[in-house]
Amino acid sequence: MSQRVDFRLTDDQRALRAGVRELLEGRFPRERLRAAVDGGPPVVDRALWRELGGAGFFALRLREADGGVGLGLPEAVLAFEEAGRALLPGPLVATHLAAGVVEGAAEGRAVVTALDTAGDGVGVGDGAGALVEHLASADAVLAIGAPGDGDVEALPAAGLARAARPVRSVDPATPLHRVPNPDRVPHPDRVPHPGRVACPGRLAASARPAGPRSAGRYRREAVLLTAALQLGSAARTVEMAVRHARERFQFGRPIGAFQAVQHLCAGMLVRAETARSVVYAAAVTEDAGEVAAAKLLADEAAVHNARDCLQVHGGMGFTWEADVHLHLKRAWVRAEQWQRAADAEEELAAGLLRFGA
Amino acid sequence: MDLDCTEAEEDFRRRLRAWLAEVLPKLPDPPDPADWPARRAYDCGWQRMLYDAGYAGLHWPEDAGGQGATPTQHLIFLEETERAGAPYVGANFVGLLHAGPTIAAEGDAEQRARWLPPILRGDEVWCQGFSEPEAGSDLASLRTRAVRDGDSYVVTGSKIWTSHAEVADWCELLVRTAPAGDGAPPHRGISWLAMPMDAPGVTVRPLRTLAGTAEFAEVFLDEVRVPVAHRIGAENDGWRVTMVTLSFERGTAFVGEVVACRRVLAALAREAKAGGRWDDPVLRRRLGRLAAEFAALWRLTQWNVSEAQRAGGVPGTGGSVFKLRYSHARQELYDAAAEVLGAGALDAGHPWVADRLSSLSYTIAAGTSQIQHNIVAERILGLPKGR
Numbered sequence: 004m005s006q007r008v009d010f011r012l013t014d015d016q017r018a019l020r021a022g023v024r025e026l027l028e029g030r031f032p033r034e035r036l037r038a039a040v041d042g043g044p045p046v047v048d049r050a051l052w053r054e055l056g057g058a059g060f061f062a063l064r065l066r067e068a069d070g071g072v073g074l075g076l077p078e079a080v081l082a083f084e085e086a087g088r089a090l091l092p093g094p095l096v097a098t099h100l101a102a103g104v105v106e107g108a109a110e111g112r113a114v115v116t117a118l119d120t121a122g123d124g125v126g127v128g129d130g131a132g133a134l135v136e137h138l139a140s141a142d143a144v145l146a147i148g149a150p151g152d153g154d155v156e157a158l159p160a161a162g163l164a165r166a167a168r169p170v171r172s173v174d175p176a177t178p179l180h181r182v183p184n185p186d187r188v189p190h191p192d193r194v195p196h197p198g199r200v201a202c203p204g205r206l207a208a209s210a211r212p213a214g215p216r217s218a219g220r221y222r223r224e225a226v227l228l229t230a231a232l233q234l235g236s237a238a239r240t241v242e243m244a245v246r247h248a249r250e251r252f253q254f255g256r257p258i259g260a261f262q263a264v265q266h267l268c269a270g271m272l273v274r275a276e277t278a279r280s281v282v283y284a285a286a287v288t289e290d291a292g293e294v295a296a297a298k299l300l301a302d303e304a305a306v307h308n309a310r311d312c313l314q315v316h317g318g319m320g321f322t323w324e325a326d327v328h329l330h331l332k333r334a335w336v337r338a339e340q341w342q343r344a345a346d347a348e349e350e351l352a353a354g355l356l357r358f359g360a
Numbered sequence: 003m004d005l006d007c008t009e010a011e012e013d014f015r016r017r018l019r020a021w022l023a024e025v026l027p028k029l030p031d032p033p034d035p036a037d038w039p040a041r042r043a044y045d046c047g048w049q050r051m052l053y054d055a056g057y058a059g060l061h062w063p064e065d066a067g068g069q070g071a072t073p074t075q076h077l078i079f080l081e082e083t084e085r086a087g088a089p090y091v092g093a094n095f096v097g098l099l100h101a102g103p104t105i106a107a108e109g110d111a112e113q114r115a116r117w118l119p120p121i122l123r124g125d126e127v128w129c130q131g132f133s134e135p136e137a138g139s140d141l142a143s144l145r146t147r148a149v150r151d152g153d154s155y156v157v158t159g160s161k162i163w164t165s166h167a168e169v170a171d172w173c174e175l176l177v178r179t180a181p182a183g184d185g186a187p188p189h190r191g192i193s194w195l196a197m198p199m200d201a202p203g204v205t206v207r208p209l210r211t212l213a214g215t216a217e218f219a220e221v222f223l224d225e226v227r228v229p230v231a232h233r234i235g236a237e238n239d240g241w242r243v244t245m246v247t248l249s250f251e252r253g254t255a256f257v258g259e260v261v262a263c264r265r266v267l268a269a270l271a272r273e274a275k276a277g278g279r280w281d282d283p284v285l286r287r288r289l290g291r292l293a294a295e296f297a298a299l300w301r302l303t304q305w306n307v308s309e310a311q312r313a314g315g316v317p318g319t320g321g322s323v324f325k326l327r328y329s330h331a332r333q334e335l336y337d338a339a340a341e342v343l344g345a346g347a348l349d350a351g352h353p354w355v356a357d358r359l360s361s362l363s364y365t366i367a368a369g370t371s372q373i374q375h376n377i378v379a380e381r382i383l384g385l386p387k388g389r
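Residue numbers (this note's numbering), protein chains in the order written: chain L, 4 to 360; chain A, 3 to 389.
The hints are simulated quantities; they were obtained by calculation from the structure and are not laboratory data. Where a beta carbon is used, it is the ideal one built from N, C-alpha and C, also for glycine. Check the hints yourself; a few may be wrong.
Take a look, some chain A residues computed to stay more than 10 Å from chain L by CB distance [what the hints assert, rightly or not]:
{"id": "1", "residue": "Arg17"}
{"id": "2", "residue": "Tyr44"}
{"id": "3", "residue": "Gly68"}
{"id": "4", "residue": "Val149"}
{"id": "5", "residue": "Asp153"}
{"id": "6", "residue": "Val206"}
{"id": "7", "residue": "Thr211"}
{"id": "8", "residue": "Ala340"}
{"id": "9", "residue": "Glu341"}
{"id": "10", "residue": "Leu359"}
The calculated lysine to aspartate or glutamate pairs, modelled on EDC-like cross-linking and capped at a C-alpha distance of 16 Å, are [as the list claims (entries may be wrong)]:
{"id": "11", "chain 1": "A", "residue 1": "Lys275", "chain 2": "L", "residue 2": "Glu349"}
{"id": "12", "chain 1": "L", "residue 1": "Lys332", "chain 2": "L", "residue 2": "Asp41"}
{"id": "13", "chain 1": "L", "residue 1": "Lys332", "chain 2": "L", "residue 2": "Glu303"}
{"id": "14", "chain 1": "A", "residue 1": "Lys28", "chain 2": "A", "residue 2": "Asp54"}
{"id": "15", "chain 1": "A", "residue 1": "Lys387", "chain 2": "L", "residue 2": "Glu250"}
{"id": "16", "chain 1": "A", "residue 1": "Lys275", "chain 2": "A", "residue 2": "Glu341"}
The calculated label-pair distances, taken between Cβ atoms and stated as ranges, are [what the hints assert, rightly or not]:
{"id": "17", "chain 1": "L", "residue 1": "Glu28", "chain 2": "A", "residue 2": "Asp281", "range": "47 to 55 Å"}
{"id": "18", "chain 1": "A", "residue 1": "Gly214", "chain 2": "L", "residue 2": "Phe358", "range": "28 to 36 Å"}
{"id": "19", "chain 1": "L", "residue 1": "Arg17", "chain 2": "A", "residue 2": "Pro35", "range": "47 to 55 Å"}
{"id": "20", "chain 1": "A", "residue 1": "Glu64", "chain 2": "L", "residue 2": "Phe254", "range": "49 to 57 Å"}
{"id": "21", "chain 1": "L", "residue 1": "Phe254", "chain 2": "A", "residue 2": "Pro208", "range": "41 to 49 Å"}
{"id": "22", "chain 1": "A", "residue 1": "Pro35", "chain 2": "L", "residue 2": "Arg66", "range": "53 to 61 Å"}
In isolation and in its complexed conformation, chain L is listed as follows (with noise of 0.2 Å):
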């Protein structure tokens, strides 16, 4: 019997969600995650980044002829889901997309970041320039240009690193640096990543025999996979919030037992749910339209479900030291990364106009 157009993952997705899920648990444990917070300036930490290299988190995509492990999207999403919801730091997505391109990020031998060249990228403002997370930690920047014909190029970190300033970052594990207009950044800095050579229609052809992906290739599963992280933090807020709502008793009972907080936490799954349908979807289908309303969906969700799972704990909720608030900073950067409401919208409000046309 037939049975296609079908969300169920493989026994071989469920064993990769599962290994991922053990691998942050016994190495990145809450109590990592709390010292990233509460220890001094957040760095990348190069064990863990070799790890998640040695498992095979950014070789996810590679082929296994060059040296990868030969899987595609929907894999991606699923592994990169498990990070979100372990808020695991770092410039996970510019790595992943790296790898086969700059030496070292399949491995996970190098710490990869990206600059969204194409517009204000993470940042707001004119000309103020990107803002580009982790810098100070990365080797190499992963230049992305406009969706349409844009440049792709691999720059050394340390260049841009010394044009940029820190910005004091609203999620503590999240380091911001504003990095001026690459265009304004010294010549002797532009010059290729040593290693493989990255630049515009020739990139790293030999990694990607499929032929050099486009900007707008980068640049979608950089949107799908930001939405992949923000899809794990807006699961995980649901626990959070269930699990206090069990466990904290007011009037005699567990809170949970009040309608105005069940429903809080009904309405927080529907959208973890209904953005993951979409999410999914979009791994499989890499639809432009698709991956947007993905963005925008998870966004949403991990934004707002981080929101009500700080109301159901309440006054613990407004604490440094419960967590809710690092998944709600998170979320509240991964927004504004790739692709941000206001163009993903518009994205499918032109989408609309082609429909059935």
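Got chain L sorted already, so can you dock chain A onto it with the hints?
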């Protein structure tokens, strides 16, 4: 994760498309919405065409006269018929989606032989007698009483929100056969009866809704005699029997509507473009957000169908998640339509305005959004039973 259809499913889609292209032009004009007998004749004529072409009861089991199609094929059927602009299930909704599947699942051989074939052929129309004036969301508190008298039940009470009551032959009726109270849970003591609508003592009164139309009716029952042989399932076991149909209601019932909503949304965008409103980024973004919403709802539907496939055809709790999101999105869609129409939104004759009015029932019918939140909280999230 796999969104492709199998070759057999694609073949099914191709054959269905070809058939629709052939027969739809031959259909008579749709009847006046206020003319119930004409609506019945039109809907039943369409059902007969489906029957003759082998598409009746697609999702019903084969031993009930259905086609035993997979949920995916059923999804394709709903998608393609909507795309082609085929008639809706209309007057046959209750028979095909509630009463029929219930009788197929819970009826004995004689009952199945009596009631299922006429539903599939479009010969007999069913209505639903569940809700009562005092039993809405709290359906188990229903009071319509059935007292055993020899081979019959004598039924007295009233039902409300009954669609197609004026033209129905049968009513799937929930009655109380044992009193509530004495500490017994209220859903014990309910039985499921097939009541002939022409039985003495049945009075139907049209119920005018805020849309100005009479899509529903009240049904008053005054000592109506219903043979005991018309009971489906055991006496006092009607609640369990009913839950089978209610879960169907939240499964694939909205597939065609989601497809239709996506079409309406695209039409809204074209209308806004033609009328110059498209230059307003606030409106554009609002429509773009709705596009994301319905894209996700479509995928959520497929997901639920996929889950139903795994569970052997019975849709699961994912239906509540879908219904909550969909009923809200449908209202948002028609609010956006009103913005596109501007002052034209005050013309109740415009189809979008009529749909805007009817969309107001979506967060209420088949379990209010508040009840759906309770279901999600208690049954899916496992929160303690609340008050």
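### Query
Which numbered hints are broken by the structure, listed smallest first?
Going through the list in order, the structure violates no hint and respects every one.
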